[in-house]
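2 protein chains.
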Amino acid sequence: MVYRTLSTLAAAGLLAVAAGASANELQQRAAQQFNPIPQYPPVIDGNEMTEAKVTLGKMLFFEPRLSSSHLISCNTCHNVGMGGHDYLPTSIGHGWQKGPRNSPTVYNAVFNVAQFWDGRAADLAEQAKGPVQAGVEMSSTPQRVEDTLRSMPEYVKRFRQAFPGEDDPVSFDNMATAIEAYEATLITPDAPFDQFLRGDTDALNEQEQRGLSLFMNKGCVACHSGTNLGGQNYYPFGLVTRPGGEILPSGDKGRFAVTETASDEYVFRAAPLRNIALTAPYFHSGAVWRLEDAVAVMGTAQLGTELEEDEVTDITSFLHTLTGEMPSITYPELPPSTDDTPRPNPMTPSP
Amino acid sequence: MVYRTLSTLAAAGLLAVAAGASANELQQRAAQQFNPIPQYPPVIDGNEMTEAKVTLGKMLFFEPRLSSSHLISCNTCHNVGMGGHDYLPTSIGHGWQKGPRNSPTVYNAVFNVAQFWDGRAADLAEQAKGPVQAGVEMSSTPQRVEDTLRSMPEYVKRFRQAFPGEDDPVSFDNMATAIEAYEATLITPDAPFDQFLRGDTDALNEQEQRGLSLFMNKGCVACHSGTNLGGQNYYPFGLVTRPGGEILPSGDKGRFAVTETASDEYVFRAAPLRNIALTAPYFHSGAVWRLEDAVAVMGTAQLGTELEEDEVTDITSFLHTLTGEMPSITYPELPPSTDDTPRPNPMTPSP
Chain A
177 MVYRTLSTLA
187 AAGLLAVAAG
197 ASANELQQRA
207 AQQFNPIPQY
217 PPVIDGNEMT
227 EAKVTLGKML
237 FFEPRLSSSH
247 LISCNTCHNV
257 GMGGHDYLPT
267 SIGHGWQKGP
277 RNSPTVYNAV
287 FNVAQFWDGR
297 AADLAEQAKG
307 PVQAGVEMSS
317 TPQRVEDTLR
327 SMPEYVKRFR
337 QAFPGEDDPV
347 SFDNMATAIE
357 AYEATLITPD
367 APFDQFLRGD
377 TDALNEQEQR
387 GLSLFMNKGC
397 VACHSGTNLG
407 GQNYYPFGLV
417 TRPGGEILPS
427 GDKGRFAVTE
437 TASDEYVFRA
447 APLRNIALTA
457 PYFHSGAVWR
467 LEDAVAVMGT
477 AQLGTELEED
487 EVTDITSFLH
497 TLTGEMPSIT
507 YPELPPSTDD
517 TPRPNPMTPS
527 P
Chain Y
177 MVYRTLSTLA
187 AAGLLAVAAG
197 ASANELQQRA
207 AQQFNPIPQY
217 PPVIDGNEMT
227 EAKVTLGKML
237 FFEPRLSSSH
247 LISCNTCHNV
257 GMGGHDYLPT
267 SIGHGWQKGP
277 RNSPTVYNAV
287 FNVAQFWDGR
297 AADLAEQAKG
307 PVQAGVEMSS
317 TPQRVEDTLR
327 SMPEYVKRFR
337 QAFPGEDDPV
347 SFDNMATAIE
357 AYEATLITPD
367 APFDQFLRGD
377 TDALNEQEQR
387 GLSLFMNKGC
397 VACHSGTNLG
407 GQNYYPFGLV
417 TRPGGEILPS
427 GDKGRFAVTE
437 TASDEYVFRA
447 APLRNIALTA
457 PYFHSGAVWR
467 LEDAVAVMGT
477 AQLGTELEED
487 EVTDITSFLH
497 TLTGEMPSIT
507 YPELPPSTDD
517 TPRPNPMTPS
527 P
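Read top to bottom, the protein sequences are chains A and Y.
Residue numbering for the first sequence follows the numbering used here, starting at 177 and increasing by one per position.
Residue numbering for the second sequence follows the numbering used here, starting at 177 and increasing by one per position.
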């Protein structure tokens, strides 16, 4: 009895050593494909992140008066308390209109090569100008935004501080620049996977390691690598088999609208997978709620493989290790509207 | 020249002493009519404010999934970064419907005798149940709210911690109780007027003191006294002269809807005036944007007095001293929707 126990322990010890060796090997392979989220926000070319600018950008991110209705802020659809998005298939915008695509998370968006599902904005500053003007989102105009911000002395002061030396600092462009500076701080380091990448092989359990291994061996990594496990390149949705119309509605041809190139039909930016467990529903259509189902769809559509049920489960358990630490965000105090503030215009787009 | 300067200084000194004496007298009169906002949240009978309950209440306050669309949270219309309301005449709700009355600030609401413009909810817990169910606001049901909260293990755990020993802690009633506990922390102490009431007579300048004196002498204090300078009793809007239909729409008869008593036609709870400089537009109709105009309307409608322009200016400058220190609020992290979470129902009220 004693002998058997010792023998079992010894065997378990050998297994642990073997698993350790294999975990180390897996960690080394992974470190060649993926980068951990850095502990500090990245430097953005041409947009120095001063405290004044980041603080202003945060106010603007939470500012519903950037919308003509005074109801919708960036945070409405990119809710920092809800994984940086809204848990809706597609967002609700001005006049209760339904947006065309699923709202992507703002967290770690700074690490994407370009913004929007079709990459039509080169950076976060360009992105920020889109929803403010879109008729189905915030339905405002650069002029209205500038009039609104200039009407509040606190904003005028803060734009001066954030853009020192400029003659006319309160501008639509500077609004976008400040929002970009703030959004660059919205990163989520220290996910279990980051700890694993940095060498702590215990940060992923055996199932999660099996999932990571499958993720690399089955080919997911071809599109989903780098810091964000995606967000870097464009691929047809349905590389092998085009999904059904409920997942890939025929009316939305993706990047074709940007490039007008036939080969870009149904091409989208590979979704970044950071915090993917917090960003259901999935795909640009928001049609799939279960992460397992999304993994299975990716298997057939992109890899041409019917993944086994336990493979789907293992990959999904790995994807859960991509959930990082959310930054602590203090709600900003926004200045009161004044007599000069353009009045809320709830029902129609404003000139 | 030297003599004249000394004489002027001496006269100024005497004036300062006289002003000091009069400021002290004013402070003593005011201290009989008003109470400072306390530094700590008040005790609520029957709702012990444990940390677990307040933390849960804060999550629920920011939780858009209490609405059937998953878009609207308490914070949408009672925005803690915008003076505790939304700077809209009347709020926008489910399906982009227009609410019937101006959204009151959540800050210091715990000090009001009852909630809503007509006092139809006895306390903040009862209040919290209203907008969640109102078809024009969040358009949900107690059952849907409970199903939603039960679908997220994090909420189940937190309700257990907040309501220990209860068999079925995840309930619509407990949702309201937790929100009340959190809202009771939303108080804004240390306004200049509070410092004045506590004996620092320099906290109000001469104009502000003149305004306070007018506020008491002209009779405003009859309805606007106590901690919140209002929020304690019910009075007809148009006690002396009924305002025009653009300010007092004839379709809204105020407390009549609650009591069905003819004498309660056009009766409303006297508005609390704390942070009034941050809560434009004014009145239940939200029809008046300038605080000066609101003061003038009050003069004619409630006091039967055409206030002089400088009286209006002085009273308004006093009202600005009611702006307190906003609490520092960290955005809560809300749990992800699960497969069991009732799906967002953006277009129609849900069963």
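Worth flagging that the hints you see were computed from the coordinates, not collected in a lab.
A quick note: this is a predicted structure, and the numbers were derived from the prediction, not measured.
Be a bit skeptical, because a hint or two may be false.
Computed, partial: chain A to chain Y, Cβ under 8 Å [what the hints assert, rightly or not]:
#1 Leu-247
#2 Leu-264
#3 Ser-504
#4 Pro-512
#5 Pro-518
#6 Pro-522
Calculated cross-link-like contacts (lysine-lysine; reagent style BS3-like; alpha-carbon spacing at most 30 Å) [unchecked claim]:
#7 Lys-429(A) / Lys-274(A)
#8 Lys-305(Y) / Lys-429(Y)
#9 Lys-429(Y) / Lys-394(Y)
#10 Lys-274(A) / Lys-305(Y)
#11 Lys-305(A) / Lys-305(Y)
#12 Lys-305(A) / Lys-274(A)
#13 Lys-394(A) / Lys-305(A)
#14 Lys-274(A) / Lys-394(Y)
#15 Lys-429(A) / Lys-394(A)
Ideal Cβ placement from N, Cα and C applies to all residues, glycine included.
Original post:
Which numbered conditions among the earlier hints are violated in the structure presented, ordered from lowest to highest?
Top reply: The structure conflicts with hints 5, 11, 13, 14, although it agrees with all the remaining ones.
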